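When you line the sequence shown up against the working numbering, it's residues 1 to 405, in that order.
Calculated from the structure, these hints are not laboratory results. Keep in mind it's a predicted model, so treat the numbers as computed, not measured. Do not rely on the hints blindly, as some may be mistaken.
Stated by the list, open to error - Capping the alpha-carbon separation at 25 angstroms, the derived lysine-lysine pairs in PhoX-like fashion look like this:
# : residue 1 : residue 2
1 : Lys324    : Lys187
2 : Lys95     : Lys187
3 : Lys187    : Lys111
4 : Lys174    : Lys187
5 : Lys111    : Lys174
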Amino acid sequence: MSARVSALQGSARRRDRRGAELWEVKSGFCSRSAGSLLGDFPRSCLQAAVTGLSLERKLLEGRPATMSTFRQEDVEDHYEMGEELGSGQFAIVRKCRQKGTGKEYAAKFIKKRRLSSSRRGVSREEIEREVNILREIRHPNIITLHDIFENKTDVVLILELVSGGELFDFLAEKESLTEDEATQFLKQILDGVHYLHSKRIAHFDLKPENIMLLDKNVPNPRIKLIDFGIAHKIEAGNEFKNIFGTPEFVAPEIVNYEPLGLEADMWSIGVITYILLSGASPFLGETKQETLTNISAVNYDFDEEYFSNTSELAKDFIRRLLVKDPKRRMTISQSLEHSWIKAIRRRNVRREDSGRKPERRRLNSLPPPGLASPIPHTPLSLILTTTVTGWGGVGSSGVVSSLEL
């Protein structure tokens, strides 16, 4: 089996790495993607935003976004800008305060591409696609877009406040969790994805950094899914192929440049569940090529060192998601009906009745204080911030030809 890694520890290392980029292939050539607009910043400091009655009316009308529907006004007429919260290749997030109410939000300035032939900035098509998707969705487990401004150089998105940091950072601070606690968080992730898939929206970049907490200082924190920069509406009869996402979490059909659908998200949920329960990453190899090969070959196992206390139901849940054939992979509806997920409430009730405390397990990613990790590994952050500048598929489609950080 390939080298393992402490995913939660990697998450902590990622806090200071700005400008994480995705890789993307379009029309036979490869380029850095500006698509992951929320993915460009440290999630621990992401905060977001706000009101906008004109946009709310358009949302209700269901009108598609075009540049002409963005508010052609100076955002600073409505919000006072504060310090920079994060930055990426083509975007900057600033803390802002709404004038008149004093409420704090975040303004994300997306640099527009001036010329269609340029590779600098984000294309109108990419911005409008993301905005159209954000305008369509309203769910308690998904970040909400409230308003949009535009000037000569930037589009400014005003988004819901998400101040609780990454889920995996929160779990790393806890140092241990029960399987029931893990499933409570996972159920929220599934609920959010179920809503997206009901609208035929594929996220295509589900990963630890894109799972945030609305507020970590409350009992039972609420999960928020963020970053719709490469999300797509899956239209019946329209074949869609692309190579994009974050290498450690992408499905085999992305690696091999095959037709894509909602099923790709389910593979990513399988990887996230594996990490959530074990603190280890299922497919991470010692090189990026090995990682992608492991994904294409579905080369993983349930190492006893990580899964000795994990139930067979939990393992079955993961097995049904990490299936190479997308058509045989468990759907989001089937996932919510899986016995492991449906048993959450029953398990909690039984424990309350019996007075037994659930077994707590130390997260594999967190060695005892003062000790180095006993398991040598490649930092997950090296995978999560990878940029691919040119590669074919893996297996029958070829091998990775060029990868760089």
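How the hints compare with the structure:
For the given pair, Lys324 sits about 23 angstroms from Lys187 by alpha-carbon distance, which is consistent with the 25 angstroms threshold. Distance check on the hinted pair: Lys95 and Lys187 sit about 31 angstroms apart at the alpha-carbon level, beyond 25 angstroms; violated. Restraint check for Lys187 and Lys111: not satisfied, since their Cα atoms lie roughly 36 angstroms apart, outside the 25 angstroms limit. With a CA separation close to 19 angstroms, the supplied pair Lys174 and Lys187 stays within the 25 angstroms bound.
Using a Cα cut-off of 25 angstroms, the hinted pair Lys111 and Lys174 is violated, with the two alpha carbons roughly 38 angstroms apart.
The structure fails hints 2, 3, 5 (numbered hints given earlier, in ascending order).
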